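Novice: Sequence:
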Amino acid sequence: MSPAAALAGLGRRSLRAVLPEGVDRRGISVLSTGHLAADLFQGSVPALLPFLIRERGYSYAAAGALFLMGSLGSSLVQPVLGIYADRVRASWLMPLGLALAAGGLTVAGVAASYPATAVALLVGGFGVAAFHPEAVRFATHVSARRRGTGMSVFAVGGAAGFALGPILTTPLVLWLGLPGTGVVGLVILLAGAVVLVSIPHLERFRVVGERHLTAAAGVVDRWGRFSLAAATGTTRAALAFGLQAFVPSYAIAELATSEGVGNAAVATMLAASAAGTLLGGRLADRLGFRVTVLASLVLQVPLAAALPLVPLPGVFAVMGAIGLVGGMCFYPLVAIGQNAIPRHLGLAAGVMLGLAIGVGAGIVALLGVLGDHAGLTAVLWTIAGIAALGVALGLTLPRDP
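Start counting at 1 in the sequence shown, then tack on 4, and there's your number in our numbering.
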């Protein structure tokens with residue numbers, strides 16, 4: 005066998021290991037690529053904050069408000085678009101959303117004023133909102149027989165996007181200044197083109213996928229259970245976004261390091277989260293969604309409490325561990341929400357990935373006010389308290405159907 009053939013065989017075996025039978029490989033790969041691009045926008049926004057604080061003189065509260073604007077559009081619009089997608093075929097929202105996210109990030113880097121920057125990030129958030137409901141629906145459909153594994157691969161795209169946010173944005177802004185965000189915007193736009201040309205392939209899975217899901221979960225919508233899943237997702241989002249937004253500034257103010265090192269700590273967390281999402285998907289298929297979510301939430305509490313107690317090398321280790329265990333629970337939580345209201349998949353995705361995350365981002369804005377008045381160490385202790393609240397809510401989650 006030639007070396008090229010051996011390498012190709014190894015690649016096919018690796019792909020089968022990540023995407024076993026029951027998951028459409030082309031479909032989930034395209035959706036994961038689009039998810040990477042959408043969350044690349046969201047990962048880039050917190051990476052910009054230290055530069056905006058330094059170059060434009062924004063306060064911590066003002067920077068936290070910009071973070072909120074980047075998520076507010078997603079939180080407000082995504083549930084509405086989810087309801088719309090439940091009633092009509094709206095696959096075109098995915099490439100349109102990525103185009104809006106690309107434009108919003110690009111304009112944010114060159115905007116001349118604080119209001120213009122805020123509006124650009126708001127529009128980019130609208131784009132993220134447009135992408136997610138249909139993307140989660142199709143990810144569910146193309147991985148119906150191995151839902152935990154397929155959804156975890158889809159989630160890896162998002163985790164990779166969050167991780168690439170600071171990895172790409174930090175050197176580009178250091179090299180080109182704030183207009184370097186345009187290069188990141190171009191990456192998002194190219195991913196949108198990939199999703200656009202793949203829509204006919206994805207549409208093949210819509211009808212059969214929806215029939216299978218409603219048959220497996222039943223046709224009764226349980227809104228109380230769904231609300232508990234959304235509340236639990238909110239605490240998880242507040243913890244993750246709070247660390248993304250304020251660990252870089254904490255590292256600068258309390259540990260005497262640079263913007264690049266602070267963003268590298270966040271990138272460590274987000275890269276580890278990608279591995280955690282794959283692990284969480286496999287565990288969810290074997291142990292169940294609820295068990296996986298509870299294990300993840302419980303493990304985050306001591307890790308978050310350790311963060312303000314360790315020196316700079318320890319910050320990297322703790323952030324990596326938080327990313328690993330935190331990534332395990334995100335899409336199992338989405339699956340619990342979808343199981344609770346199987347006739348409203350778009351709305352479930354819109355709330356779990358939009359409203360819950362948006363409320364979490366709103367909590368980040370409040371953490372910015374706390375940081376201005378009590379310091380960033382107090383912010384980290386508050387985030388540890390949010391992790392403990394997540395465990396209390398997680399204990400109320402229903403058992404898997």
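It should be emphasised that the hints constitute simulated quantities derived from the structure, not laboratory data. These numbers come from a predicted model, not from an experiment. Some hints could be false.
To be verified - Quick list of the computed label-pair ranges, beta carbon to beta carbon: (1) L291 - R29: 46 to 56 Å; (2) R208 - G264: 40 to 50 Å; (3) L313 - A65: 39 to 49 Å; (4) R93 - D225: 42 to 52 Å; (5) P204 - A260: 51 to 61 Å; (6) T400 - L316: 16 to 26 Å; (7) A115 - S262: 16 to 26 Å; (8) G264 - V201: 20 to 30 Å; (9) V114 - W227: 38 to 48 Å; (10) A378 - R208: 51 to 61 Å; (11) S262 - P306: 21 to 31 Å; (12) A257 - A279: 39 to 49 Å; (13) R226 - H377: 19 to 29 Å.
Glycine included, each C-beta is placed from N, C-alpha and C at the ideal position.
Novice: I want to verify a distance hint. Is the separation of the beta carbons of L313 and A65 within 39 to 49 Å?
Specialist: violated (26 Å)
Novice: Is 42 to 52 Å respected by the C-beta to C-beta distance linking R93 and D225?
Specialist: For R93 and D225 the Cβ distance comes to about 21 Å; the hint is violated.
Novice: Between T400 and L316, does the C-beta distance stay in 16 to 26 Å?
Specialist: violated (37 Å)
Novice: Does the beta carbon distance between P204 and A260 stay inside 51 to 61 Å, or does it fall outside?
Specialist: For A260 against P204, whose Cβ atoms are near 55 Å apart, the range 51 to 61 Å holds.
Novice: Just tell me: holds or violated, for the beta carbon distance of R226 and H377 against 19 to 29 Å?
Specialist: violated (41 Å)
Novice: Is the hinted range of 21 to 31 Å satisfied by the C-beta distance from S262 to P306?
Specialist: Roughly 28 Å apart at Cβ, these two residues keep to the hinted range, so it holds.
Novice: Is 16 to 26 Å a correct range for the gap between the Cβ atoms of A115 and S262?
Specialist: Holds, at about 25 Å.
Novice: Kindly confirm whether 40 to 50 Å is satisfied by the beta carbon distance between R208 and G264.
Specialist: For G264 against R208, whose Cβ atoms are near 45 Å apart, the range 40 to 50 Å holds.
Novice: Starting from the range 20 to 30 Å, see whether the pair G264 and V201 falls in it by beta-carbon distance.
Specialist: violated (37 Å)
Novice: Taking the beta carbons of V114 and W227, is their distance inside 38 to 48 Å?
Specialist: holds (44 Å)
Novice: Range hint 39 to 49 Å: satisfied by the CB atoms of A257 and A279?
Specialist: violated (30 Å)
Novice: Range hint 51 to 61 Å: satisfied by the CB atoms of A378 and R208?
Specialist: At roughly 54 Å between Cβ atoms, R208 and A378 fall inside 51 to 61 Å, so the hint holds.
Of the hints listed earlier, those the structure fails to meet are numbers 1, 3, 4, 6, 8, 12 and 13, in rising order.
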